[in-house]
Every structure is written in structure tokens, then in C-alpha cells.
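Each chain, written out:
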Amino acid sequence: MTAEEPQSARREHVTPTATSNAPTPRAPARPEASTLRSLLPPLLALAVTLVAWEAYIRAAEVPLYLVPAPSDVVAVLARTPGRFAAAGFTSLIEALGGLAVGAGAAFAVAVVMAHSRPLERALYPLALLVKVTPVVAVAPLFIIWFGFGAAPKVLIAALITFFPMLVNAVTGLRSVPPAALDVFRALDASPWQTFRLLRVPASLPYVVAALKISVPLSLIGAVVAEWMSGDGGVGQIILIANSSLDTASLFAAVVVLAVLAVALTGAIALVERRLLSWHESAEVQ
Amino acid sequence: MTAEEPQSARREHVTPTATSNAPTPRAPARPEASTLRSLLPPLLALAVTLVAWEAYIRAAEVPLYLVPAPSDVVAVLARTPGRFAAAGFTSLIEALGGLAVGAGAAFAVAVVMAHSRPLERALYPLALLVKVTPVVAVAPLFIIWFGFGAAPKVLIAALITFFPMLVNAVTGLRSVPPAALDVFRALDASPWQTFRLLRVPASLPYVVAALKISVPLSLIGAVVAEWMSGDGGVGQIILIANSSLDTASLFAAVVVLAVLAVALTGAIALVERRLLSWHESAEVQ
Amino acid sequence: APRTAAEPTPTATPRPLRDVTFIAGFRAQANLAFVAAYLAQECGYFAEEGLRVTIRHSAGQDEHLKLLLAKEAQFTTATGAQALLRYADGLPVRAVALWGQRGDQGYVARADSGIRTPADFKGRSVGIKSGIVPAELRAMLAGVGLTTEDVRLQGVGFDPRVFVQGAVDIYPVFLGNEPFAIRKTGTAITTFDPADFGVATLGLTYLAHADVVRDDPTLVRAFLRATLRGAQLAAERPDEAVAATLKYADGADPAQQRYLLDADLAAAKRADGMGRASADQWRALQATLERYGVLTKPVPAPGPFEGAIIGGLYDAQGRLR
Amino acid sequence: MRAACARDGGAVHVPESSAGSSPSASPAIEVRGVTHHYGGDDGLLAVDDASLAVAEGEFVSLVGPSGCGKTTLLRAVAGLLAVERGTVHLSGDTPRAAAAAHAVGLVAQEPGLLPWRTAEENVALPLQLGGIDAERQGEVRAALDRVGMTEFARFRPRELSGGMRQRVALARALVHRPRVLLMDEPFGALDELSREDLCVELLRVWEHERVSVLFVTHSIREAVLLSDRVVVMSPAPGRVVAEVPITLPRPRTLAMLESEACAAAVREIRAALGRLPAEVT
Amino acid sequence: MRAACARDGGAVHVPESSAGSSPSASPAIEVRGVTHHYGGDDGLLAVDDASLAVAEGEFVSLVGPSGCGKTTLLRAVAGLLAVERGTVHLSGDTPRAAAAAHAVGLVAQEPGLLPWRTAEENVALPLQLGGIDAERQGEVRAALDRVGMTEFARFRPRELSGGMRQRVALARALVHRPRVLLMDEPFGALDELSREDLCVELLRVWEHERVSVLFVTHSIREAVLLSDRVVVMSPAPGRVVAEVPITLPRPRTLAMLESEACAAAVREIRAALGRLPAEVT
Ligand SMILES: Nc1ncnc2c1ncn2[C@@H]1O[C@H](COP(=O)(O)OP(=O)(O)OP(=O)(O)O)[C@@H](O)[C@H]1O
Ligand SMILES: Nc1ncnc2c1ncn2[C@@H]1O[C@H](COP(=O)(O)OP(=O)(O)OP(=O)(O)O)[C@@H](O)[C@H]1O
Ligand SMILES: [Mg+2]
Ligand SMILES: [Mg+2]
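Residue numbers (my numbering), protein chains in the order written: chain B, 466 to 750; chain D, 466 to 750; chain Y, 679 to 999; chain E, 3 to 283; chain Z, 3 to 283.
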């Protein structure tokens, strides 16, 4: 790996060689190829883990109510696939809603915070307060204020995803190349133009990174919310499994969550490829 | 703010002027001064929020059992300060333990992942699985495996802090200036020397950033763990307050958590100042 | 005559103490089943029975059962229904004492809502916790010729504020303490105890691992004797019982704990001695659970309840030997 | 008129007086007694009472040691920096007014292209900001042509070499036909040979545009090769210490670098910089 | 011996054959028929059958257009790149062996200092990696002295200017007394005047160290000012197209840049680069 370590800040050049060569090494790798290559290792790792797990459970004769074997989990999933699919879908919608609302709100606040350091310093502790407030403390209020159904769950998921998005969006909105900013000012660009054409695109890589972090959070948020208001989604499956010592269903629910998380992360990665092909990170990924 | 936007990548110079001037603008701002300046805005914002809150509660006559006024919360804290202090201390210890264990483990795994992309791709989804597993699904196992008392709580807090540290540590261990790496190799440095003297220090800024993110997470983790094993710490205060609709105590507990989070974050910021004075981030903060 | 802490038993001291873990099936509160253990610990009854007991609590999910099955704990608590269902699942658990002679799950409605009897549930929104429609609700409705089709079922969490604020008409409660908490908010309520409407329900039991019951009845006997003495003391001196509880539930509202204890003591009353149960009670519960599809598996012999051990602790007059 | 005078090199004989203010119509760029501290009066004195002028269509270079305030001065002219004392005018307007009139083209050492835009989208930026759109795509093409980047119109910055990026930046600076072109070491990041190529390029472009140029550079020979006049600044705090008219004929060629006239100009500038070969080492 | 010959400039008349291998003891650096593709055989051909040699204590510069493979070649000599075909030897050893013997000092365009270490701690790195420690702090001081950075020993890189960082990098490259010093455009990021200063600096240091230097640069005049011999590479794929001995006497001074001998050497090198003034524009 180190042998071909790209040279640090290689000065660029305009010789014919360069104009013909330079672009090639810089162009991002062919998507489909890289996708395949990037999918193999995790699948392998997963397989290994599952086999090891199954073997251990059987060897050590771990009782089902304690930890189920992968086969048990699969069996449960196979018995009532519809139930898990429906629950997964419910939670997914809530999580996505939460992601949208939370990320949106966080970005809006970030725009304010990015505008001035004092404002950032002022709002950060409050954001931290939001972050440490346990969901149980506020969930009932949400239900009281927004009734039962999806609304409070979406808002709880939003609450949980708010913080990471805020932090990244502030950084992103600040990460504007000063040279580009000079050009905008020399062309007398309006604040709105600067925001729309410069700051927002520049912040995208950070926003996408935050989205990736937020995906599992939003799912957890939806599940916790489902416990709080005790109906629907993967959260309810977990609750029922828990109160009836049905560990297999419990783990099956976790598997559903994991699948959703991986799927969402993958989707975001795809968006990233299209949207951020211009960004350095496109190279390393 | 934009008016004094530092110029992009100003070429450096060795003229007498520069040698005498250059260091000055680059030196980090005087700590005590900046600390004061950085403390004022948040305190102001906090004050405003509290006053507004109190006013609203009184004006709208919101019943205490629903949302307490700041004054109610203060009253509760004042009535049994010892209780809250003790609980806070318990949770703090668990959170710190979790932070240490989680960060340590994550860094270890990160060393492996940073070593090769395929390994990273292989392990990432597993890390994600860990991330989406609801604590309730594993907490009983932890209790069964590690008995009651602090151990399982620490481990649950560790579990929650594992993910962000992993992601950042991998990035950090990769963020080695290639030029420096060349120097090490030209001097035939051993892998261990390169790791100890180059990669680890280079990763510190990312590690510290991850620690900041993890602080609230670890506290939440400790609290959730306390619910699971139904004893001790701020978690129990919340449980009991919940069962008797004692919202004042509930919010008081949240305040304790927030204070702990802010304190820990501040402590980390201090360490950062000493440890990372060499890092660019030292300038902007 | 029942011994008290004042006069320690001479037989207790010489024997080496046995380590026992009791995990209460919920957070610390003044359930009689918990208080009995708190006081047994406090007054040294366990020691007198040759036991060194560690008291733990669980979050009310199922971890206490897992710990029992993993033999990390020898005794725990569960409702009669839970005991029956787990037993029917084929798990090695037996109930060795029944504290609540009637269940502690009930319903409340606002006094001004005009809901006086289960018949008035018709067309109202009825909250259910953790997504399961309890058999006792179905039974209570069936008693007045209704089914769950006739009401609007609404999943609610574990926070009565949603009821106080009127988000739901009829709210499921633990009769022992939640009505108290709700009244504290200044809300006048009517409570509904399924048992009052002829529904067979059972309250908290002491649950033990089947192996322990089979192989080590003396341990069970010792534990029961100590806790029964604790329960008696609780009946005689409820304030001490609440005080003992607050040692485990620092910051809890004493009045609410006292309310809970009194409710449990009332529910535990029984001529032939606290903690005992008849086969009929269990059969009735089984019938209800089967009728409403909660219990689907056959219940093998000898049944979930082991009554002999606790029975052996009482004399004919229902006094503790 | 200017194109011609540039050719016969006549225009380069700007009267020294123009350093202050030209008697004729107000010059393209006029800087009078500009002084600037960074970080308040007690801060670092970056530029100290500097004055210079650039006539319509004139090509003026600004040389001086690092840290002497060249960039500061240029940013002041571009209206990116509000100077503390002194005045800056572009054809009589304030820098902000000139910017508002889209009269300024800027090329800094860093191209400052938008990484998410293709070369042509980057070049189109000034038109877009000016509210002029698609209909003038022709001009974008033309600008790319002029810097020989037509074939790379659809490339993203990271797919281009440094020199190519600077060409795009140059095209962007010219696409809206500014009256003034401000360049701050545009070729600083390039190697010597590439610099020479781009200088030739720039000369070609300049000879076809009616544009006045203020060109900041470290390279004395580059300044001589390009300029009608070279303004020399002292080490910080920057003051204007000399103005050296370059009498090389137009159009300029690299060959002229070998000429005695060139060597003489270089010597004169080095002297002004206090860099007489004699006194070195 | 070397110091002397460097002074009277005798050593610079290296027989052309030395491009292959010197008849005497194996040269400090010997590159034979090195070829390298990036990204496998079908990849980009960066260097094509390049050969050169640097005698004991000789100062050789390597010039060529960007992308011609200078850095590739230098990295091969430093043992940072396993070449595909051809051999590289330093005084008979393989590059890795030479590295293991701490016989190599490296200064790249980026100083590559450790930002968390002070100047002196950075300079101490080679000693630390070699297991030699505190007792030799004297040498660290000495190295800092030689580059005139003593007063900045306790400064962190971000508190130093670019030129100062390069001086520290130079000190670090010399502190362990390497036999060969490899420099890849060490002054590329500096302005012309600072470059001149550092060249003078480097000459002073070199004249006191028994060290052979391979110096990659873009600046022909810089190469001429410093070297005993200038190796010229063709545009990519890089081949050695000429070797120009520099006959300027030692010690060198900036004044020599104005000399006819210098101009002649520059012309010869430009010609070798296919950059005859005539054919430009
Ligand atoms: N934004 C800033 N804040 C504080 N000091 C600054 C700032 N920009 C420049 N300076 C200082 O002002 C002085 C002049 O800087 P300026 O960039 O104008 O010089 P310069 O001639 O452009 O240098 P160079 O040739 O290296 O670009 C320098 O000492 C520099 O350190
Ligand atoms: N790590 C790499 N991977 C792929 N191609 C590379 C790599 N390093 C260099 N190249 C290519 O190899 C060729 C030679 O590169 P090299 O850096 O050796 O040239 P150079 O003479 O040092 O250029 P410059 O003067 O700009 O530093 C160039 O076309 C470059 O794009
Ligand atoms: Mg500048
Ligand atoms: Mg190179």
C-alpha cells in the first residue's frame, strides 16, 4: 500500500504529456467494478461470522431463550416474513421522515451557526442539551402535543439525528475555498447567490457524511419511539418478544434493523457517487 | 467576517519581515482570553432560554406534571442536592469507563481497518450491525455474562461510543502526510516506529473529535444501562420520577446529564488545547 | 408465635450461610412481593434461615426470567399469567408462592367521562401497553357482551400523562400505584379492576427454577419462610416497610409507595395464609387465557404452581409454623 | 487605440506622473496613499502609503519580496479588503462599485474554481451571477477557445492539471469582458517551463482584449517579459520604491528574455529591490 | 579531497561514461536503465530506460519538464519505489540497504515535518529512529545552526514560514550525516527571492559536508548555479537526453547568474529541453 502512496501535493503541469495523462489517473474508478469489489469482503466477513456464531451456539449448547442461533433467527423470519416486512416498512418510513426533518432542521440551524462564531458558541451547548435529553423524558410530551401515530415517532427520530447533522453542516458551510469566495465577492455576488451557488454545494460532502452517521441513529430513534407509544413497527416486535422471552424474534427484529441500515447507507453511498464525483473522497472510496 | 477571510494558501516566505511577523499571526490565541470570550455567548443564550421558558410556563399555566418551570427544577435540585450529585457521579464513572473501553476497542479495530481497505470494507457492516442493535437486546446478556454492578453498564456505554470512534480513528490513522511517510521510509523506520511516532500522533485530532461526539452518547448509554439493571445513577432517578409523574425530578436529572456532558466536553477541549496546539483546528477554535 | 428480629433464632447462627440471589421483576417499589424480601433482609430473617441473599432489580423486560433460567438468580417475581405462559412454553420454571390473589392490571377512565362500567367502553378509545391486547380486557368486555371490535384500541406507552391530557379515554394501569399518580395530577378517575367483573386474574408470584424446586426444597422453604415473615411484618408495620423500600428506591414518593403496599396487602389477604393458591385459581386463569387465545400451548402436569412447600409452612389455622 | 499602442509598444512610455494620477481621463486603476494594518492600528503594518496607477489598457506588474503587501494591495483594488487609509479608484469608481458593474476580472494564485462544476460551467459563473444566462453560452465557448481549453470544456477541475486550471480561471476572469484584470501570482504554483508557456498565452490573450492589467508576481523576468511598466515594492511594510518602464517592443517573445534590454531591466529592478548581484552572498 | 575538487570545480568534468558507470570505486549514486510504469505494464510509462551517476561528493541536478519522471527517479534512488526494470545502487548498496544504513538524506518539495514536533524535535527524528538519542542533541543544535534556525529551535512548523520549514527539513536531512542527499524541488514552493537565499544557504552547507547531492528542479538557472553537472530529461516518458557540465568556479555566488558562462549553460540546457528561444511563440 505505502509503496504506491500518491506523492504529496504533486505540482501540476501543462505539458502535452500531462494534459493527456494527468486526467486519467485522477478520474474516479468505474462504479460497477468498484461496487462489486467493495461488496465481496463484507459478504465474506458476514458469512464467516454467522457460521462461527451458529457453530458456537451448537457446540456450547446455548439455550434458545438466551441467544438464538442464526438458523433459529432465519426460521422465525421465514415463519412470518410478512409481519417483519410490514414492521420494517413502518419503522423505515418513520426513520426516513425523522432523517428528513432532523437533517433539515439541523441544516437550517447550521446556516445560522455558520454565519457567526459567537452564535455557534451560543447555540452549541443548547444543541448538546437536546442531545443528552433521554427520549423517555420527552416522548410523552411529543405524543401529547402531536397525538399518536407517525408524527411523534418521526420527531423523536429527528431529535436523535439532529446533533451529528448540525456539527457536520456547520463545518461544511465553513469549508468554502477562500479563493472561490474572493471570486464571488469580486463579482459582487449577492449573499443569496453565494449561499446557493457556493456554500451549499461546498457543504454537501459533510452533509452526506452526517447522513451516513444518522442512518442507524434514526432507526434506533424510530424503534425507541415505538416503545414509548407502544404500537407498530420493529419496536413493537422487540417489545412483545421481550415480554414473552422470544429471543429469536428479538434478534430477527435486530436483523431487520441492520438490513434497513445497510440498505439506507448503500443508497446514500450511491447518491454520493453521483452527487460528489467531484469530491476528493470520490477517489479514496 | 468574510472581510478578513484569511487568504487561500498564502505562499510562505523567509524575508526578515516574515520571520519576525509570520509566527505571530499563526500562534494560537491566548487561552484565558479566548476561554472567557467563548464562555460568554453560551451563558447568555442559556439565560435567555431559561427566562423565556419560565415565562411561558407561568403565562400558559402549564401544569407541573407536564413540563416544570426552571424554578421548579432548581427547587428539586436544591432540595436533595446530595442525591443528584451521587447519582451523577455514579453515571459519570460508568460513562467514563464506557468511553475508555469503547474508544480503546474502537481504536484497536481501527488500527486493523486502517491497515487495508478490504478489511475495512469487511468490518464496516459488522460495526454497523453493532450500532443498530438496540441496547435492550443485549443488556440482559451483558448482565448474565458480566454480573450486576458497574461492568455491564460500562460495557453498554462502551458499545454506544464504539462506532463514532471507529469511523474517526480509521480516518485519522489514514491522514498521515505522505511526505512525512516518505521521510520515515527513507530512514528505514520500523512499522512499529512509523505507527508510534507518525500514525498515532497524526490520528489524535480525529480521535479527540470522536471523543467529543461520544461524550453525550456514553452518558446516554450509562443511563439506559441503569434502566436495564434497574438500579443506581441518574437512570434510576429518571425511572422513579417517571413512575410518579415527578417531571421536576425528571428534568433535574436531565440537567445533571447536560452539566456532565458540558463539563466532559470542556475537559476534552482543554486536553485538545494542550495536546493539539500544533493542529490547524487550534487556530479556528 | 411468629418470631421477630427482637428474638433471633438459636438455630440460625452456627450454620454456614448459603448465597442466594433474588431479582425483583421490576424496579424497586413497594410491591408486597418485593417488600417481603426487603424486610427479610433488613430484619435478618434470611440470615436466620441460613441465607445470604443478594437483592437485584430488573427493568421489567424479561431479563429477570433469563437470569433465573441461567441460574444467575434462584428466585424472581412474575405475574401468574407470565408464570403459566412460560411454564407452558416448556421452560423450567415453577411458581412457589402467589402474592396477589387477584391481578394488579386494571383500567382507569376520567370521572367526568361518563364511563362507569365496562359497558361504557363501547366506542371509546382504550389504551393497550406493549401492543398486546390483555386477556382480562377481552374477558371484561365479554362480560358485558362486547368485543375489542366495539372499542378503539390505541397503543399507549408507559406514561399516564398521555391519559391525563386526554389523548385516550381508557388507560391501562397497574392498579397498585398508577391511579395514585394520576390523581396526584388533580384528575378524578374511575378505576376498573377486572376481578371485580368476575374475570379470573392472578397477581405477582415468586418464581423459582424447576431444578431448584425439585432438588432443593429446603432452600425454597427457607426463602419462603423468611419472606413470609417479612410480609407479615409489612402488614403489621407498613411504615417500616415503606422506609425499607425507599432504601432501594431513593427519591420515590412515600405516600405513593404506601398506597401500593396497602393495595398489595389487600390483594394478598387469604384465610389459609399469604402466598398460597388453590389449583382452581390457576385453572380459572388458564381457562381465561385459553379462551382469549393468549395461551395456545397445552399445560403439562404438574402445572405451574408448586403449593406443597409453602403449604408446609402453615398450620391448620393458616399461621406460620 | 490601445491594441495598436500595445503593439508598437508606444503606450509603455507612461509618464512617471501617472504613478500619482494621469492628467487625462481617470486611469483604469488609481491607488493613492493606501495604508493598511492587519488586526487594528497596533496590528501588523502590511502596506504603508502606497500609490500607483494603471492607464487604460496598460499592463503593469507589481513585484516585491514576500510579505511586502502585494496581495493586500491587489485585494484592496479588487474591493476584497476595505483599506484603512488612502483611496482606490477604478476608472473613477470605488472598487465595490466597479465590482457591482462587473468591471473586474480576478485570477489569484489558487484558481479557486468550483470543484463541482465543469470547466465551462465555471467559466459561465460570472455571466450567471450577472443574470445573463444560456443565451450567452457562445461567450463561454469563446473564452475557453482563447485559452485553448475547448476540448476540456466538460472536465471537472480535479481532472485537470494545475496549468489547465489556471487557464480556466483566466477564461472565467475574461468571459464577462471586464475593464480591469487583476492577477495575483497566477502562475506561482507552476513550474518554470509551464510558466513560460502561460505567459506567452496571456500575452496573446491580452493583445486581443481591451483590458488593463495589474499583475502581481515574484518573478522579475516574468514581470519584464509581460509588462509595459513594473512597480517595485519595498520589503514590509510595503511602499512603492520604483517604477521601471519596460521598453521591449510588442508583440513580446520568449527570445527577448535573452536580450540585453531585458537583462538591463532585470538589473534595474533587482537594484530597486536592494538585490544588486554584487552585494549578495 | 572532495571539498577541494569542488572548490576548483575540477570534479565537475565527469567523463560522459560516468552516465553509465564510473571506472573508479562505485559512484555515490548509480542508476542503470531504470524503467517504470505506474499501474502495471499497460499503465503510464513514467521513466524509460534512464541512467545516470553521481560521483562521491558531486552535486548533480536533474531538470526536465513536469511529468517527465524526475520524482519517480528520485523516489527509486531513495528506495521509496521498487522499480520495474533496471538497477539502482548507492555506493554499491541497494537503496533499501542504503536506507537501512541511514546513508540517505531526503528533502522533498513538501518539508514533511511532523506538525506536533518542534523544529529541533523534527531534526532529532533521524537520530531517534536510528536509536541514537539525547546524548547527540549537540548534533541537532549543530544542524539547526548550519541552516541558521537556532533561534527557532522551539517553534512548531505552523509557526514557521515555508522557507523556514524547508531549512528545518534540510537540517533533518543532514543531522545523521548521510552519504547522499536527495532533494526533490526543495524550493519549489518558495518565491524567487527566497529561493536565491536558500540556494546560497545550501551551497554554504554543501561546501562543509562530505555529501553527494542529487537535486531535482524545474529552474534551469537554479540548477546551473548549484551543480557540478546538470542531467536533462526528455518530456514523458522520461529519458536522459543530455548531461551538461557546469564550469563556473567554486564557491559560487549569485553574481555568477549574470555571467556569460552561466547564460551559455542555460542556453545549452534549454536547447537540450527542446526549448530553443528561436522556436518559441
Ligand atoms: N489575513 C491576514 N491577517 C493577518 N496578517 C496578514 C493577512 N494577510 C497577510 N498578512 C500579513 O501582511 C503582510 C503582507 O501580506 P501580503 O500577502 O499582502 O504580502 P505578499 O506580498 O502578497 O506576500 P506573498 O508574496 O508571499 O504573497 C505579511 O506579513 C502577512 O503575514
Ligand atoms: N503515484 C502515481 N500514480 C500514478 N501515476 C503517477 C504517480 N506519480 C506520478 N505519476 C505519473 O508519472 C509521470 C511522472 O511523474 P513524476 O512525478 O515522476 O514527474 P515529475 O518530473 O516529478 O513531475 P513534476 O516536475 O511535476 O514533479 C507523470 O505523468 C505523473 O502523472
Ligand atoms: Mg501574495
Ligand atoms: Mg516531481
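Read the hints as simulated data drawn from the structure, not as lab findings.
Some hints here could point you the wrong way.
Unchecked claim - Ranges of calculated distance between the beta carbons of each label pair, as one might list FRET restraints:
# : chain 1 : residue 1 : chain 2 : residue 2 : range
1 : Y       : Ala957    : D       : Ala543    : 38 to 48 Å
2 : B       : Ala616    : Y       : Pro932    : 32 to 42 Å
3 : B       : Pro535    : Z       : Arg87     : 47 to 57 Å
4 : D       : Ala550    : B       : Ala616    : 48 to 58 Å
5 : B       : Ala616    : Y       : Gly971    : 52 to 62 Å
Stated by the list, open to error - To list a few chain E residues with every Cβ distance to chain B over 12 Å, as calculated:
#  : residue
6  : Thr37
7  : Gly41
8  : Gly81
9  : Trp118
10 : Asp147
11 : Ser221
12 : Ser236
13 : Thr249
14 : Pro253
15 : Leu256
16 : Arg277
Glycine included, every Cβ here is placed at the ideal spot set by N, Cα and C.
Do the hints match the structure? See the list:
{"no.": "1", "hint": "Ala957(Y) / Ala543(D): 38 to 48 Å", "result": "violated, 56 Å"}
{"no.": "2", "hint": "Ala616(B) / Pro932(Y): 32 to 42 Å", "result": "holds, 38 Å"}
{"no.": "3", "hint": "Pro535(B) / Arg87(Z): 47 to 57 Å", "result": "holds, 52 Å"}
{"no.": "4", "hint": "Ala550(D) / Ala616(B): 48 to 58 Å", "result": "violated, 38 Å"}
{"no.": "5", "hint": "Ala616(B) / Gly971(Y): 52 to 62 Å", "result": "violated, 32 Å"}
{"no.": "6", "hint": "Thr37", "result": "holds, 22 Å"}
{"no.": "7", "hint": "Gly41", "result": "holds, 16 Å"}
{"no.": "8", "hint": "Gly81", "result": "violated, 7 Å"}
{"no.": "9", "hint": "Trp118", "result": "violated, 4 Å"}
{"no.": "10", "hint": "Asp147", "result": "holds, 16 Å"}
{"no.": "11", "hint": "Ser221", "result": "holds, 15 Å"}
{"no.": "12", "hint": "Ser236", "result": "holds, 25 Å"}
{"no.": "13", "hint": "Thr249", "result": "holds, 30 Å"}
{"no.": "14", "hint": "Pro253", "result": "holds, 21 Å"}
{"no.": "15", "hint": "Leu256", "result": "holds, 15 Å"}
{"no.": "16", "hint": "Arg277", "result": "holds, 26 Å"}
Consistency note: the structure conflicts with the earlier hints numbered 1, 4, 5, 8 and 9.
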